[in-house]
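Student: If you read the sequences in order, they're chains A and B. Residue numbers for the first sequence follow my numbering, beginning at 1 and rising by one. Residue numbers for the second sequence follow my numbering, beginning at 1001 and rising by one.
Everything labelled a hint here was simulated from the structure, so no lab data went into it. Take these hints with a grain of salt, some might be off.
[What the hints assert, rightly or not] Derived contacts from chain A toward chain B, CB cut-off under 8 Å, selection only:
(1) 4
(2) 5
(3) 86
(4) 118
As the structure is a prediction and not an experimental result, all values here were calculated from the model. Cβ atoms here follow ideal geometry from the backbone N, Cα and C, with glycine treated the same way.
For reference, the chains in residue letters:
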Amino acid sequence: MASPLKQFEIKTLIPVQIGEVDASFTNSALVMTITVVLATVFLVVGMRGRAMVPGRWQSMAELCYEFIAGMVRENIGAEGRQFFPFVFSLFMFILLGNMLGLVPYSFTFTSHLVVTFGMAMVVFVGATIVGFAKHGIGFFGFFLPHGVPWYIAPLLVPIEILSYFTRPISLSLRLFANMTAGHTMLKVFAGFVVALGLFGVFPLVFVVALTGLELLIAFLQAYVFTILTCIYLNDALNMH
Amino acid sequence: MPQFDPTTVSPQLIWLAITFIILYVLMAKVALPRIGQVLERRQHRIEENLKKAETLKSEAEVAAAAYEEVLADARSKAHDVLRDVREAMTADAAERTAAVNTRLLDEIAAAESRIAEAKNSAMAEIRGVTAEVTRSAAQKLMGEAPDENTVNAAIDAVLAERG
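All chains should be built: construct the whole structure from the sequences, respecting the hints.
Tutor: This is how it looks when you write it as C-alpha cells:
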C-alpha cells in the first residue's frame, strides 16, 4: 500500500532553471493552469450568449458573480467594489483548486502550506497597504479600539498586534490543514478497501460518504478564505 | 511530509504568482465585465418594463374612468329620451282622445238634431192628420164641415193645453 502522503508529492514535469532559482513546471503548476483555464472557460463560454433570460450554464456563472459581489457588498460596502475582481479570482482559484484535487490521481495545490501561505500573505500585506494608504499613520489606531480606558492599553495593544500578525498564519493553516487532513483520510480509507478484500465494501461506502463531505469542505474552505479576506479588507478600509 | 520539502517552495510560489496573475487579469478584464454588463442590462430592462407597466396601468385607469363617465352619461341620456318619449306619447294619446270625443259629441249632436227634425215633421204630419180627422168627424156629426181655421185654432189650443 502506497503511503497516504504520496499524493502530496511535487513532481517536476518540465524542469526550468532561472539563474539559481528552480522554477520548474510541476504537477502543482499544471493543476493551477487547469484551474485558470477552467475558470475562464466556465465564465466566458457560459456568458457567450449574454441572454436576457439565462440558461443553466449562464445561471451558474451569474450565481458565482452575484455570490461574491454580495459578499463584498455586505462585508466591505461600496468601497469594496475595487477589490471585487481580486476577491472573485481568489474564490474561484481556491474553489476550483479544492474541487480539482478531489479528482482521482489529480493533485491538490491548496494542500501545500507554501501555496496557502503565499495567498494569505498577499491578502495580509495587501490589506495592510490598503489600510496605510487610506488612513496613513492613523492606521496604527487600529491596534487600540475606541472607548478603551488608557490603563488597559499596555495590555490590549500587544494582544491586538499579535492577533493582527497571526492572521496570515491562521488563514493559510486552516486551508492547508483541511485539505491535507481530508485527502489523507480519503487515501487511508481507500487503502482499506483494497486491503480488506470482500469486506472492503464497508470502507468503500465510507469513502463515498467522505468524498461528499470533502466536496462540502472544498466549498466551505474557499468560502471561509474569501470571507476572511473581505473582513480583513473591511478592517483596513473602515478600521472596525 | 512532502509539504515541508524546501526544494519545492520556489517552483510552487513562482507558478502560483504566474497563474494567479493571469487568472486575475482574465477575470478583471474579460469575464467579470461581461457578466456585470449582462446583469446590468437585465436590471435596466426590468426597471424599464416596470415603469412601462405603471404608465400602462395609469392609462388603463384613465380609460376606465372615461368609460364610466360615458356610461353614466349614456344612461342619463337614455333616461331623458325615455321620459321625452313617454311624455310625447301621453300628449298624443290625450290629443287623440280629445279629437275622438269631439267627433263623438258632434255625431251625437247631429243625431239629436236629426231626431228632433224627424220628431217635428212627424208632429206636423200628425197635426195635419188630426185636422183632417177632426173636420171629417165634425162633418159627419154636424153635417157641415167646420171652417179650417177654426179647427186649426182648436187643435193648437188643445196641443198647447196638453204640452
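Student: Give a verdict on every hint.
Tutor: Against the structure, the hints come out as follows:
1. 4: violated, 11 Å
2. 5: holds, 6 Å
3. 86: For residue 86(A), the interface hint holds, since the closest Cβ of chain B sits about 6 Å away, which is under 8 Å.
4. 118: holds, 5 Å
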